[in-house]
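Counting from 1, position 136 in the sequence shown corresponds to residue 136 in the numbering used here; the numbering is continuous, with no gaps.
Treat the hints loosely; a few may be bogus.
Computed cross-link-like contacts, DSS-like style, restricted to lysine-lysine with a CA-CA straight-line distance of at most 27 Å [unchecked claim]:
1) Lys-37 / Lys-94
2) Lys-37 / Lys-116
3) Lys-153 / Lys-94
Quick list of the computed label-pair ranges, beta carbon to beta carbon [unchecked claim]:
4) Pro-27 / Ser-74: 21 to 29 Å
5) Asp-108 / Glu-86: 17 to 25 Å
6) Ala-166 / Gly-85: 21 to 29 Å
7) Val-152 / Gly-85: 38 to 46 Å
8) Glu-145 / Thr-87: 19 to 27 Å
I should point out that these hints are in silico values taken from the structure, not numbers from a laboratory. Backbone N, C-alpha and C fix where the C-beta goes; we use that ideal spot for every residue, glycine too.
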Amino acid sequence: MKKSVVALFVFMAFGITNVSHALSLDPRSVRPVVSGKIYRGGVSVKKGTYGKPVTDFSYACENGFSMVVNAYSSARATQVRCANGETIVYVGNKWNAASSSADNFIADEISRRGGKVLVHCVNGVDASQAVAYIVAARAGLMSAEEATARFVKGPAGVPHAGKMEAIVLRRAK
Numbered sequence: 001m002k003k004s005v006v007a008l009f010v011f012m013a014f015g016i017t018n019v020s021h022a023l024s025l026d027p028r029s030v031r032p033v034v035s036g037k038i039y040r041g042g043v044s045v046k047k048g049t050y051g052k053p054v055t056d057f058s059y060a061c062e063n064g065f066s067m068v069v070n071a072y073s074s075a076r077a078t079q080v081r082c083a084n085g086e087t088i089v090y091v092g093n094k095w096n097a098a099s100s101s102a103d104n105f106i107a108d109e110i111s112r113r114g115g116k117v118l119v120h121c122v123n124g125v126d127a128s129q130a131v132a133y134i135v136a137a138r139a140g141l142m143s144a145e146e147a148t149a150r151f152v153k154g155p156a157g158v159p160h161a162g163k164m165e166a167i168v169l170r171r172a173k
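Sequences and hints are given; from them, build the entire structure.
If you want it as structure tokens, here you go:
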């Protein structure tokens, strides 16, 4: 399937109709949360992309990710076909939701199916890190307390640190 067809499908699934550029994952921002299991990262275009879906999944396809999560969206799961025939699941899981059924769905991808997950936000720092640690705890890769402590020790300058810390601790349990 051509990239343009995949992009159109993703745009339609996420309700995006006015996008003038392809949004891809930024490989320079990808960092492991639990190596081989869950990673966090940002996107290639920063300005005007808050909440918009990724449309170019080539990085995720080439690096063996089975699921990509948008930390600024609550969109339902969509399947995206890679050029090699593999399929990636793209799903939303808002970092600031009071709770999320997506947490367990994503955790199951790691713990039951042995998948490799990449959580993205815009810069790959705060929202993606919060969701990644919540999911890591839900998948049994660490305790809720350890996930919260690691989140707090994460990159300096997280804009919503206090609020996010409470959300991570509550949702990671």
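For each hint, the structure was consulted:
no., hint, in the structure
1, Lys-37 / Lys-94, "holds (20 Å)"
2, Lys-37 / Lys-116, "holds (5 Å)"
3, Lys-153 / Lys-94, "holds (21 Å)"
4, Pro-27 / Ser-74: 21 to 29 Å, "holds (26 Å)"
5, Asp-108 / Glu-86: 17 to 25 Å, "holds (19 Å)"
6, Ala-166 / Gly-85: 21 to 29 Å, "violated (42 Å)"
7, Val-152 / Gly-85: 38 to 46 Å, "holds (41 Å)"
8, Glu-145 / Thr-87: 19 to 27 Å, "violated (35 Å)"
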